Amino acid sequence: MPLRRPDASATWRTDKFTARAKKAMHLAQQEAQRLHQSPLGTQHLLLGLVREGEGVATRVLARYGVELEAVRLAAASTDTSDPGPPLAAAVERAVDRARHEAQELGHKFVGTEHLLLAVLHEDHGMALSLLQSLGVDPEAIAADVLVATSISVTSSATRSQRQGELAPGPKDNVVSCRVDDRAVEAIDALVAAGIRSTRSDAAAWLIRSGIEANREFFEQVYATVGEIRRLREQAQALARQSPSD
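Mapping of the sequence shown onto my numbering: residues 2 to 246, in sequence order.
Mixed in with the good hints there might be a few duds.
Stated by the list, open to error - DSSO-like mimics (lysine-lysine), calculated; alpha carbons at most 30 Å apart, straight line:
| # | residue 1 | residue 2 |
| --- | --- | --- |
| 1 | K109 | K17 |
| 2 | K24 | K109 |
| 3 | K109 | K23 |
It should be emphasised that the hints constitute simulated quantities derived from the structure, not laboratory data. Small disclaimer: the values here were computed from a predicted structure and weren't measured.
Given the sequences, and given the hints that come with them, work out the whole structure.
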């Protein structure tokens, strides 16, 4: 079912939204009505995401102590008596950006995680200042969402690396990957026990521990990679020596 836009003159297409994302959007509209605020703002989208209760957005926000009643109280104190075009446009941009976030992450459907990322990246929306008033760092939340939902690698990769060659030397990579509930529980347990300071640190520690625990296996993998490189270089040398047509 399509959802009403802030001006109620048109509808959003939600056919590519997950059931939880659609639920969060409907709850956002309910929260705006509950607070007697119009038009719909990003603070209402945030309320909808918190209230949805099951999606990635809800779980990440809960880890940062973002609770429904606290957000409601903060949203109730926002002045929407004369919002003007920028406020209504903020929701329009957030919904469009959620679609873009899903596409960038290679996801076919828009989920609560994409809506939350969009809200966090909407500079002109009220949700951003609302979170900051609650003492929460929006950038930290966004990073946590990516850790939970996406696979992205940022590095100073060279052309040869993109073609499958592992360039030597130190790397400064940021890797975030989709993990199952068991892995998330392990990561959160390490943080809660004070063994690691952050979820990113805990994930990196688990990876290093896995490599050390399987050192013999990785030595075989590295040896195989070395042999592949040698054979590739040998083939390239032969190709250079062959007479051209």
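Hint consistency between K109 and K23 [alpha-carbon to alpha-carbon, up to 30 Å]: 15 Å, holds
30 Å limit on alpha-carbon distance, applied to hinted pair K24 and K109: Measuring from Cα to Cα gives roughly 18 Å; hence the hint holds.
Agreement of K109 and K17 with the hint, judged by alpha carbon distance not exceeding 30 Å: 7 Å, holds
Of the numbered hints listed earlier, not one is contradicted by the structure.
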